[in-house]
Amino acid sequence: MIPYLLKLAEVSTPGAISFEPLVFWLCGGLAVIGAIGMLVSHKAVHSALWVALTMINLAVLYALQSAPFLGVAQVVVYTGAVMMLFLFVLMIVGVDAADSLVETIKGQRRIAILAGVILVVALVILLGNSFSIQTADLVNADSAYGGNVQGIAALLFGKYVLIFELTSALLITAAVGAMVLAHKERTAPKKTQAMLARELFASGTYQGPLPTPGVYARHNSVDTPALLPDGSVSEISLPGPIVARGVVKKINQTDLDGVQIISEGLGLVASENEEGDK
Amino acid sequence: MIAAVIALPALSAAVLLSFGNRTNKFGPLLAIFASTGSFLIGLWHFLQMVARPAEERPALTTVYEWLAVPAAGFKINFALQLDQLSISFVLLITFVGTLIHIYSLGYMSHDENPRRFFAYLNLFVAAMLLLVLADNYLLLYVGWEGVGLASYLLIGFWQHKPTAAVAAKKAFVANRVGDFGLSLAIMTMFIVFGSVSFSDINSGIVGAPAWVSLTLGLLLLLAACGKSAQFPLQSWLLDAMEGPTPVSALIHAATMVTAGVYLIVRSASIFNASEIAQTAVVITGAISLLMGAIIGAAKDDIKKSLAGSTMSQIGYMVLAAGLGPIGYVFAILHLITHGFFKAVMFLGAGSIMHATNDNVDMRRYGGLPKVMFFTTITFFIGYLAIIGVPPFAGFYSKDHIIEAALSHSWWAGAAVLFGAGLTAFYMTRMMMMTFVSKSRWHDDVHPHESPLSMVLPMIVLSVGAATMGILLTRNHIFEHWLEPITGFVKPEPPLPIQTITTITLSVVAIGVLIGIWQNIKIAKVAPVKVSFVVKAARKDLYGDVLNETLLMRPGQGLTKSLNIFDNAVVDGFVNGLGLFVSGISARLRRSETGYVRSYAMSIVLGTALLIIALLMVRI
Amino acid sequence: MNPNAYLVLSGIIFSIGAIGVLLRRNAIVAFMSVELMLNAANLAFVTGSRVWGTLDGQTAAFFVMVVAAAEVVVGLAIIITIFRTRNSASVDEASLLRW
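Protein sequences, first through last, are from chains A, B and C. Going by this note's numbering, 91 is the number at position 91 of the first sequence; the sequence numbering is gapless. With the second sequence counted from 1, adding 278 to any position gets you this note's numbering. With the third sequence counted from 1, adding 897 to any position gets you this note's numbering.
In case anyone wonders, no lab produced these hints; they're calculated from the structure. Check each hint, because a few of them may be wrong.
[Said to hold, decoys possible] Which bits of chain A does chain C cover? Going by a derived footprint, with three or more residues having C-beta under 8 Å, they are:
# : segment
1 : 21 to 28
2 : 62 to 70
3 : 81 to 89
4 : 200 to 208
5 : 256 to 262
[Unchecked claim] Partial selection, computed: residues in chain A whose CB lies under 7 Å from chain C:
# : residue
6 : Val93
7 : Ala153
8 : Phe157
9 : Ala178
The structure presented is a predicted model; accordingly, all values stated were derived computationally and were not measured. From the three backbone atoms N, C-alpha and C, an ideal C-beta is built for every residue, glycine too.
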């Protein structure tokens, strides 16, 4: 689509209907909307998405102005890499973190908006009539080396080769710097699974599966608590919400009798007579 | 070759001072060797000079070209002038200096650091020799400052004693006043004559206007007053006795303090050209000789009494030097004999102090002949020499000065005659208190004779004090010796010479008798009820009081007021500025909230302002 | 088409980015605003390149992108470090450097 639009723009001749204004107004408007969206979104993720919108539209505008290489680079580097990095960091910091709407610095919002308005007005007036010359064509510059990418390459590795080399040094430094900054020094050796398990059981809390509701009871629904061999109620067998709602079934005597019979039969508890002797 | 005379002690001093404690063991011996070598070289030169006829005796040795401004035609050589005058001084300095070096070996044996002492002594000898050998005033000035430095270092040798440190400072400051006169004189010479060498000044002064010789004469007199402790710069000499006694003997009696006399005699052509300057010199000498004698008569401290005597005797020399061609030779003659007899007396005083646990109060001496035979004998010879008993040295030199003074004017003659009587009085007083009377020692004092290294120099010097007068005046040998340099006119006193000698001896005899009569009984503690003259003399005739009221107090007042001005006005302004800035800063720093967004805000506002300014310019 | 229109668009986006830096306390969003400002500058570069008929402006925009990439890497690393110590990504939290 981009080369297509570009082609449309390039073939336009003075006086003829041009597609360039149409594309400009469309993409320019979207870019501004994206910028304002970033400004007013409360959630950082939304802001990032709005910025991505602005950047894609700016890429179109680059391409529209005979800079197809930059347009592609914009999409790849900014929307592809930089914005993804932003989202990745947002994931670490917390996607939910929304800005509080209360301004903490006194007068900051009012003055900021005022300054912004002044800046916009001043910049529009200043930039509105910067260029008085007729738009030249980049065709000659591009065709000198056989295309836009080749032309930029010739400049990068010719006239600006020193700066290019310096930026490579900058990038290396930035990469190493980021690693150093984000690196967290481990103060204790990493725990193995065996150590974790030992730690868990050393804490003394009950770690086995919980008893299901209704054991030894006449009903096995979740609102009926399990009964222990001596006939008492096992609290941990009950799901929390059931207890919270107060809908736990009562234990009747027949259940208890049944439990006693089973228990005595299994030899888990002494009979009543023996108990009385003791 | 003559440069070696200076180089030997200078080199020794340099070695001893540079290598410090490593030279402790052999340091004193090296110093004595250097001094002796210096004397031997000087003696060799002297003998060579004697062999030559009178007109060929002066010899000029240019060591190297020192300062030169070819464009201005100005050149000063590091040149040494060896003539009859300077060789006399070289022999005196090195001979007495060597003896005192040997004496110090015994005297300083108990000191912590004799090496440093000997280094300073050598430094002094080198500087003094440079002073007397220089062929121009600028080189003389180097030696002049060198002896001043050595004197300062040696007076303050026991710098742990506050009195010694203060005395050294006082000597330095008083000397500086005199040095100021000398430097001004050198500048004047340079402006007027374009040269500072003795020969150029001597030839140039003849045709120069009167004010030149007057100015130079008065400035040189100021210099001489500073170095020779003459009125009004005399006050430092009495305090200088805080230094070790050998120093007092060598520097503050025999040699350095006579540098002023040397300067006046060396500048004879200048003084000959100005009668007023000569009269000023005579008056200075007369005042100083009387002041010194009066102070010496009242002091109970043996060294201070001897210091007053030194001031008085140098007063004689200065007075004689002020008399012109009739006096120059006798000034130098008295200088040499004084060098011997005053040195022997100072060394005797040192020997007594050595024996009595460094006690200097004469009221606690007495009865010493029994225990200190050699000291008593040599001191007594010095005594006879200084009061002018024939045939001892002082008689010849002083008698000649009295003749010359009488032929100059009646008041100069009266001053020296009265001075001779006073000298006899105070020296007799010293003899009575120290030796003749019964012992009044402190309980823990057990006097004993000093070691050989101390006694030997005293004996040698006392022989000189006894015989030097006869040796030098027989057949007018000294007059003929110095005449080519200083000129000589035979004095023609208004009275016959025999009469003058008789009067002098009578005055001396009266002084001795009064001295004996007044000191038959001596109190252990100085009496409080005394006449105002004694009171004044005990306070150095108010020399210090005068200095303090006229110079020190106004200076302190100025300093105090400057300090107040500095604290109130200067500091007030500076501190006020600081307070103003810090107050403003305390308010301004509130704008630094620490919030990044606030800082960004200021950047954005600044950018907006910049763009607006850009727009304004474009419109 | 009039190239000044692109410049005006660039100015507007730049200003919005500046306001974003001033108003948003979330460090990441503030960072996005900075990126937006850099993009606006790039648009101006590209427009200039087109007007003058040379590729130097595009090369400059390319360098801006490279520098921005480096800056993002370091900046986000800093944000993570601050978040680790303070458990917050608000730029107002890091306000110790003050009077």
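The hints, checked one at a time:
Three residues within the 8 Å Cβ limit are the bar, and the segment 21 to 28 of chain A against chain C gives 3, so the coverage statement holds. Three residues within the 8 Å Cβ limit are the bar, and the segment 62 to 70 of chain A against chain C gives 6, so the coverage statement holds. With 5 residues having a Cβ less than 8 Å from any Cβ of chain C, the segment 81 to 89 of chain A passes the three-residue criterion, so the hint holds. Chain C is given as covering the segment 200 to 208 of chain A, and this is violated because 0 residues of the stretch bring a CB closer than 8 Å to a CB of that chain, at least three being needed.
Beta-carbon proximity to chain C at under 8 Å applies to 0 residues in the segment 256 to 262 of chain A; the threshold of 3 is not reached and the given coverage is violated. With its C-beta approaching chain C no nearer than about 5 Å, Val93/A sits inside the 7 Å limit, and its interface hint holds. Interface restraint check: Ala153/A against chain C, minimum CB-CB distance 10 Å, threshold 7 Å, status violated. Checking Phe157/A against chain C: minimum C-beta separation of about 11 Å lies over 7 Å; hint violated.
Hint status for Ala178/A: holds, given a least beta-carbon distance of 4 Å to chain C, under 7 Å.
In this structure, the earlier hints numbered 4, 5, 7, 8 are contradicted, and the remaining ones agree with it.
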